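Asker: Protein chains in written order, with our numbering: chain P, 1 to 436; chain V, 1 to 436.
It should be emphasised that the hints constitute simulated quantities derived from the structure, not laboratory data. Be aware that a few hints might be false.
Unchecked claim - Pairs of lysine-lysine, DSS-like flavour, derived with a Cα cap of 27 Å: (1) P:49 / P:187; (2) V:187 / V:50; (3) V:378 / V:423; (4) P:89 / P:49; (5) V:2 / P:2; (6) P:2 / V:96; (7) P:187 / P:174; (8) V:2 / P:259; (9) V:2 / P:96; (10) P:2 / V:259; (11) V:410 / V:378.
Said to hold, decoys possible - Some chain V residues close to chain P (C-beta under 10 Å, calculated; not the full set): (12) 176; (13) 179; (14) 258; (15) 260; (16) 292; (17) 293; (18) 296; (19) 311; (20) 340.
Treat the numbers as computed from the prediction; the structure is a model and nothing was measured. Yeah, the Cβ is synthetic: ideal placement off N, Cα and C, and Gly gets one too.
Number of protein chains: 2
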Amino acid sequence: MKRVRIGLAGFGTVGGSVYRYISTQAGFLESRSGVRVCLSAIAVRDPGKKRSHGIPLPRSLLVKPEELVARPDVDIVVELMGGCGMARKLVLESLKAGKPVVTANKALLAEHGEEVFTQSNRSGTPIFFEASVAGGIPLIQSLKEGLVANRLQLIYGIVNGTCNYILSSMSKEKLSFEKALAEAQAKGYAEADPSFDIDGIDAAHKAAVVATLASGGCVKFKEVHVEGIRNVSAADIQFAHQLGYEIKLLAIIRGINPKSVEVRVHPTLIPSANHLASIHGVTNSMMVRGDVVGDIEFSGPGAGGPATASAVISDIVQAASSCGRNSSEFNGTTARIRPVGPSVAAIESVVSRYYLRLTVTDRPGVMAQITSVLGRAKIGISSVIQPEGHEGETVPLIFMIHDAPYKSVKLALSAIRKLNCVKAAPIMFRVETFGK
Amino acid sequence: MKRVRIGLAGFGTVGGSVYRYISTQAGFLESRSGVRVCLSAIAVRDPGKKRSHGIPLPRSLLVKPEELVARPDVDIVVELMGGCGMARKLVLESLKAGKPVVTANKALLAEHGEEVFTQSNRSGTPIFFEASVAGGIPLIQSLKEGLVANRLQLIYGIVNGTCNYILSSMSKEKLSFEKALAEAQAKGYAEADPSFDIDGIDAAHKAAVVATLASGGCVKFKEVHVEGIRNVSAADIQFAHQLGYEIKLLAIIRGINPKSVEVRVHPTLIPSANHLASIHGVTNSMMVRGDVVGDIEFSGPGAGGPATASAVISDIVQAASSCGRNSSEFNGTTARIRPVGPSVAAIESVVSRYYLRLTVTDRPGVMAQITSVLGRAKIGISSVIQPEGHEGETVPLIFMIHDAPYKSVKLALSAIRKLNCVKAAPIMFRVETFGK
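Please work from the sequences and hints to get the whole structure.
Answerer: Here's what the structure looks like:
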C-alpha cells in the first residue's frame, strides 16, 4: 500500500467534490487502487466566501496559499482554483519543488503551457490534467497512453456543455438563442456572464490542451481560431435541418505534425447521421482518429463537481504512482511535452465547406450577381435554397459551398456584402463531414 | 529513454500487425512514449503455417515456444497465440519468471483467470490485457485507472463485431439470420465455423474479463449466462422495430459487489433511442456507469489486426514502465485482482423485462388461456400485439412483459408450451432500458 498526502488548492464546485470524496471514500479508493490518499491542507483565496455547494470548509486544514507547497506533509498539489493568477504561481512553485501537480485548469495550460511544461521538464516533475478537458471522460489518459501507438490524425468534438445545451434547445424546442440562453442560465448550465462559454473561449482552451497532447508540444491558445455561438440563429438551425445537418459548436484539431497543426473552435454544420449530431444537453463527446486504431468515440458528462472530481481522483492516483520514482521515467508512459509546439495553421489557409445565409432583396438578377462573385473567386456552389414562404422586402438565400480556403471565401463575402441587393452581413458557418 | 525487449508468441492477425508495427514504427513510438521497444524473439506453434496476412515470418527471430520465456533478451512476453493450451503455459511461466505479460487472450483470462492471477500476485508480476476486450478502445485502462474513483454500477455493450454485423444486416436489409451470416462469412466478418461468435462464447469471455476488472476479483466464465443469436429471426427484429426497439447481442454486468455480480450475454431489446441501437456493423460500444462520474460511452473498432495491435502496443509501453520497479507497486495504479472473485448471480433470480413471441392457433379463447397462465405466475403484461396480415393455421402473438424474475417466466413459458393452442416453442428475449 502506498500513502500519498495531498494539498488542495481551491474549494469551489470541483474542489468541494474532491474534498467530499476523499473525506468519505478514501478506504474504498485504497481497495481499488492500492493508494491511500490523505488530505493534509486546503488553501483558498477567500476563506470567508459563501460556496454554493454547501460543504463546510474544514477550518482545521486551512492554510495560506503561499504556504501550501512548502509544507512537508504535502506530496502532491491539487490545483482546483482556476484562473491564471494564484493558480499559476502555485503550479510553477510546486513543479519547481519536485511535487507533482494535478490540475483541472485548462486556461492555465492553454495560456501558460510553455512556462508550465518548461518547469515540469526542468525539474522532472509531472503534471496531470485529465480533468481539464471533457470532465469525467478519461480522454487525456487515452490520448497519452491508450492510443500511444497512433499518429493522431483528427480529433473533434463537443467540449462545452453550455453551448451544446443552448444549441440543443434551439434545435429541439425551436427556441431563439436569447431564450435558450436564458433557460440555460435559469437551470445553472450557463453563468450570469456567459461570454466565456458562448464566445468559445472555454472550448478553445480545451482545444489547445488536446492539440498540445496530440502534437507533443505546447500549442498556444492565442493562435487558436475561435468563433462562439452568438451568431447562430433559430433560422440557421432550421435551414441546416432541411439540408440534413445539425449545428454544433465543435473543437477541431487536425493536420497534426511537429511543425504545424490546425486548431479551431466554431459552430459547425455536421451531417445528422454523425454521432455528435445526437449528443444533446451538457454531454461532451469526442472523436479521435488514429492511424493504427481507426475512429474511437468517447462520450460522457463534461462538467459538474462529481464527474470532474472522478478525473481529479484518477490523476491523484496516477501522480501517487509517480512519486518517489526516478524522474527520468517522467509520466510513466508519456514522453515529456515540449514547451514550444507546432504553430497553428492560419485560418485563412484552412480549407472547408461552408454554409452561407444571405439576406437579399427579392428581385430578378440577384442570384446572378451573387453567383458571379462566387464564380470569380473560384468558389463552387454545391446547393442553393431559396426557401418558400418568405414575404417582404428581403428574403433569405442559402448556399452550400464546396471545399475552399477561408481566404477566398472571406474575400468573396466582403464583395457580396457590398452588392446593393444584399441587405445584411452574410452569415457563414463551416460544414464538416470528416471524410465520411 | 527506456529500452524494453519483447518476446512475441503468435503470428496470426494480431501478432502479424504487432510485428509490422514494431519493425516499422519503433522510432515514432519512442518519440511518443519515451520507450524503445525491441523485438528479440518470436515463437509460433507451426512455423510452416500459411498466414492470411501475408507478412513473412522473420526466420532469424524464430525460437521454440518453450524457449521464449527463459531467454535473457526477453523482458516482456507478448502472448498473441490465443487458446488455453500453449498460451496458458507460456503466460504462467512468464509470470513465474517475473516477466510481465501482455496478452489479448480473453479465453485464457475468462477460463483460467484464477490460476493466472494467483501466479501474477504470487510473483508480483503484472499482466496487461487491454486488447482482450473491445479491440482498440482503451476500455480496460479506463476501468482500471481513469474511472478508479468509481464504484462501477453497470457496464453493458456490444462486444462481438460478428454478431453485431449480422444483427445490423438483419435489421437494415431485412435479411434472414442464415443470409446475414453467409454474407458476414463472405466478407470475412464471420469464421467458417461461426459458433464461437454467434453462440455468444466470445462475448461471454469478454464479459467475464470486464466483470473481473469491475469487481476486483476473478469472475468465472462458466458461471456466466450465455445465449447466442441463432434464435433471433427477421420477424422478431421487425416486431421489435414496431415496438420501438432494436435487438442487439449485449454483454451486461451489474449488481457488482465483492460477493456477487450479475453477468450475462444474450440478445436484448433496447429502445431505439439508446445510443447502442445505432451502432452498426463490426463496431464495438460499451457504456460504463460509475457512481461518481455518471455514464461514459466508448465506441470504436472492436477487432482487426491494426486496432488490436494499437491496444497491445499501449500495453507493452505500460508493461515497460512496470519493468524493474518494486513489485509491491504492482500495476502502477491498480490493486491486484483477487484470484477468487464474486460468484455470478443465478440467471433464475435475475429480474428483467421480456419480449415473448408465441405461435398460436387463430381461435377465440387463445388470448384468455395464455394470459391466465401469466396471471397465475404473477407476471404482468405491459403490451400485446396480434399483428394483422398473418393468415393460415397459426398466427404470431407478441407480449411485452413487466419486470419479473426469470424463474417465474421460465415456469410460465413451460406451462404455455403445453397449451393446445400453442404450436411452437415460445421465443423469449430480454428487454432492457437501463433505467431510462
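Asker: Look at each hint and say if it fits the structure.
Answerer: Evaluated hints:
Note on residue 49 of chain P and residue 187 of chain P: the hinted pairing holds, with a Cα-Cα distance of about 22 Å set against a maximum of 27 Å. With a C-alpha separation of about 20 Å, the suggested pairing of residue 187 of chain V with residue 50 of chain V holds against the 27 Å cut-off. Annotation: proposed proximity of residue 378 of chain V to residue 423 of chain V holds, straight-line Cα distance about 24 Å (limit 27 Å). At roughly 21 Å between alpha-carbon atoms, residue 89 of chain P and residue 49 of chain P fall within 27 Å of each other, so this suggested pair holds.
For the hint pairing residue 2 of chain V with residue 2 of chain P, the CA-to-CA distance comes to about 24 Å; that is within 27 Å, so the pair holds. Taking the CA atoms of residue 2 of chain P and residue 96 of chain V, the gap is about 24 Å. The hint holds against a cut of 27 Å. For the given pair, residue 187 of chain P sits about 18 Å from residue 174 of chain P by alpha-carbon distance, which is consistent with the 27 Å threshold. For the suggested pair residue 2 of chain V and residue 259 of chain P, the alpha carbons sit about 26 Å apart, so the restraint of at most 27 Å is met.
Taking the CA atoms of residue 2 of chain V and residue 96 of chain P, the gap is near 24 Å; set against the 27 Å cutoff, the hint holds. Proximity of residue 2 of chain P to residue 259 of chain V is assessed by CA-CA distance (about 26 Å); at most 27 Å being required, the pair is judged to hold. Proposed proximity of residue 410 of chain V and residue 378 of chain V is supported: the alpha carbons are some 12 Å apart, at most 27 Å. The criterion of a C-beta within 10 Å of any C-beta in chain P is not met by residue 176 of chain V, whose closest approach is roughly 26 Å, and the hint is violated.
The closest approach between the C-beta of residue 179 of chain V and any C-beta of chain P is roughly 25 Å, which is over the 10 Å cut-off, so the hint fails. Given the 10 Å rule on beta carbons, the hint for residue 258 of chain V holds: about 9 Å separates it from the nearest Cβ of chain P. Among the interface hints, the one on residue 260 of chain V is violated; its C-beta lies about 17 Å from the nearest C-beta in chain P, farther than the 10 Å criterion. Look at residue 292 of chain V: its Cβ gets to within about 4 Å of chain P, closer than 10 Å, so that hint holds up.
For residue 293 of chain V, the interface hint holds, the least distance from its beta-carbon to any beta-carbon of chain P being 4 Å, beneath 10 Å. Satisfaction of the interface hint for residue 296 of chain V is found here, the shortest Cβ-Cβ separation to chain P being roughly 4 Å, below the 10 Å cut-off. The restraint placing residue 311 of chain V at the interface with chain P holds, with a minimum CB-CB distance near 8 Å, inside the 10 Å limit. Evaluation of the residue 340 of chain V hint against chain P yields a violated restraint, the C-beta minimum of about 16 Å exceeding 10 Å.
Hint compliance for this structure: hints 12, 13, 15, 20 are broken, all remaining hints hold.
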